[in-house]
Amino acid sequence: MGATTESGLPVFERRSGDTAFAAVCLILSLFLFSQMWSQTVWQPGRQFAGQPGFWPRLAVTGMVLCAGFNLYQSLMDSRKAERFTGVGEEVFLWARCLEFALWFMAYVFATPVIGYLAASIVFAGSLAFRVGYRSRAALGMALAVGMATVILFKALLQVKIPGGSVYEWFPDAMRNFFILYL
Amino acid sequence: MEALLSGFELIARIDVILALLVGSIGGVAIGAIPGVGPAVAIAILLPATFAFEPIVGLTLLLGIYGSSMYGGAIPAILINTPGTAANALTTYDGYPMAQSGQAHRALSLAYSASFFGGVFSILCLILMTPVLAAVAPLFGSREIFLAAVLGIVLVIVTHRGQAAIATFLICVGIWLNTIGLEPIQYTQRFTFGQSWLSSGINLIVVVLGLFAISQAYVLLIDKDDAPEPPKLSGSMFHGLTELFRHKRIALFSSGSGVIMGIIPGVGEFLAQFFSYSYAASTSKSPEKFGSGSPEGLVASEAANNAVPGAAMIPLLALGIPGEALTAMMLSVFYVHNVVPGPQLFENQPEFVIALYLGLLILNILVLIFLTFATGGILQVIRIPTRFLGVIVLTLSFVGVYSLRNSATDCALAAGFGIFGYILKRLNYPVVPIILGMVLGGIMETRLRTSMANVETPLDFINRPVAAIIFALIVFVLFFHLRSLLKGWRKKSGARNA
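As you go down the protein sequences, you meet chains D and C in turn.
Take the first sequence: its letter number 17 is residue 16 in numbering that gives the first Met the number 0, and every next letter is one higher.
Take the second sequence: its letter number 320 is residue 319 in numbering that gives the first Met the number 0, and every next letter is one higher.
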């Protein structure tokens with residue numbers, strides 16, 4: 000168990016990268032604040048609750064104030080020296096997500112082209128290979144995961160995922176089956 | 000009585016029973032996998048349930064919600080890793096019990112405590128239904144607006160030490176909800192001239208990004224780990240009867256779970272914390288807490304399992320979700336044009352009763368399943384971390400893409416996944432964003448409609464329920480500020496000394 004309060008509740012501890020994140024939040028909030036007047040409408044003569052711009056302006060103002068206060072708290076934290084170590088490594092770790100986000104988007108763009116079944120099998124297999132599963136058994140399991148997902152969601156639960164454009168080249172009976180179930 | 004029979008009729012259907020079976024067994028399995036949890040599963044399954052009737056979709060999601068904490072106790076006890084965040088305190092006493100060769104006793108005690116907590120909260124719900132049905136119509140627009148404000152205030156004050164970032168994230172949620180074409184005056188809000196932003200940002204895209212995709216990133220980037228749980232042998236029945244020796248703890252913990260579940264923004268963790276503290280402070284052998292106390296185990300499990308049933312109260316009675324999972328369930332109601340809130344109790348009491356019965360059956364099913372099949376469930380704990388990441392990312396695609404077949408939605412979800420990953424790395428809460436989006440929408444519409452009948456600010460609280468909720472908001476804020484001031488004085492006193 001980490002540090003706790005006198006009553007035993009866990010205490011929130013700021014981590015490396017906290018100040019960098021707090022600064023980015025404040026910058027983005029200030030940007031939105033600067034755009035507030037051009038991106039929302041305030042109609043003269045209307046009650047504030049009926050104003051289209053009331054809630055977005057309230058939210059953005061709240062964001063600016065809280066992001067500012069959070070940054071101040073982060074800078075004033077007594078353990079700041081400890082937290083400034085390893086910021087680079089932490090930010091690098093955040094950036095590593097981008098790789099998997101790109102994998103995800105490749106899956107998204109491949110599906111309408113090669114079809115849901117093929118895209119899922121290729122995605123699950125190649126991502127498993129990428130993250131270190133190189134044995135036949137592990138890769139076989141990954142392919143099975145891809146296939147099972149398609150059978151469960153598209154064939155059985157009939158979720159709306161369009162057929163791949165390659166299905167157009169299939170013979171009629173096969174094409175209908177693939178479009179409906181795979 | 001008539002509503003009870005109609006409720007029975009509503010769930011006595013093969014599709015509802017199947018949903019209950021799949022939800023309860025699936026929920027146990029999902030809960031048993033450390034790092035997945037019910038929020039990820041519900042987020043992924045949410046769009047698929049839109050095709051079902053509301054009662055089928057909701058029993059499936061409720062099944063996962065209600066049974067995941069049973070499953071979460073298994074890795075907490077056997078490998079010292081809670082399956083869900085709500086099982087964190089179970090590790091304190093469950094794991095030492097397993098280490099001393101009492102894994103069976105610990106597991107069966109956890110199951111029976113969870114069952115007790117679950118059934119207790121459903122009984123409370125059933126007993127409170129006439130009260131809720133009588134009170135709910137007293138809630139008009141201004142009362143619901145004030146209840147949503149109270150929910151937001153409670154979310155902020157329960158994030159002790161993180162109030163600034165929790166408020167920031169709530170504001171982000173409210174802002175996200177306002178993006179797009181506003182429905183009354185048809186003006187654009189924060190669309191920056193982009194047509195794809197005109198239809199707004201879908202709540203489910205944000206939910207999937209923040210819960211499922213971010214968790215996939217966590218699993219894919221973390222060190223690969225495949226835990227090896229110990230082998231189990233013997234009967235589960237022995238520990239089931241042991242609960243009667245700890246009925247005082249079980250009753251208090253379930254009661255605290257119900258109260259904490261009803262209060263928006265509080266949830267399982269505080270419920271089990273208060274129950275655990277109570278059990279430790281009133282025990283004849285407090286020295287055993289943290290090193291294998293059955294009372295500690297009962298307190299933690301009874302409390303966390305009493306929350307799901309109770310969390311349905313604000314959702315069903317007022318249409319106000321208290322935490323992320325009920326916020327996700329709210330979208331199932333909306334998709335089917337079933338509006339939770341005062342009218343639901345008046346117009347469709349059989350629907351409410353059917354949900355309660357579903358929860359009750361779910362607890363019985365899970366207890367029977369776990370009594371005989373815990374050994375089989377242990378297999379899912381062995382799935383390596385990164386492989387789980389591959390599975391979660393593959394499943395997340397179905398969730399997002401099946402909504403509108405939109406690559407933009409997928410890109411947004413992947414982006415929210417990165418945001419969620421950073422929040423998780425920094426130990427920041429994710430839930431306030433979702434609650435901000437849901438409660439922000441409720442506040443906007445309810446304030447607009449209630450202001451039509453209000454001339455002076457005092458008119459806003461001239462009805463008894465509105466005045467009570469307003470007093471509660473002031474009371475919560477007063478005590479929170481007072482405790483902050485006390486803490487600050489103590490700190491500065493220590494610094495001066």
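Worth double-checking, as some hints may not be accurate.
Stretch-level coverage of chain C by chain D, calculated; a stretch enters the list once three of its residues show a Cβ under 8 Å from a Cβ in chain D [said to hold, decoys possible]: (1) 44–55; (2) 72–82; (3) 166–173; (4) 179–189; (5) 317–327; (6) 330–342; (7) 417–424.
Hints are computed from structural coordinates only; laboratory data are not their basis.
Here the structure is a predicted model, which is why all the values come from computation and not from measurement.
A virtual CB, placed ideally from N, CA and C, is assigned to each residue, including glycine.
Problem - Indices of hints not satisfied (ascending) - result: 2, 5 and 6
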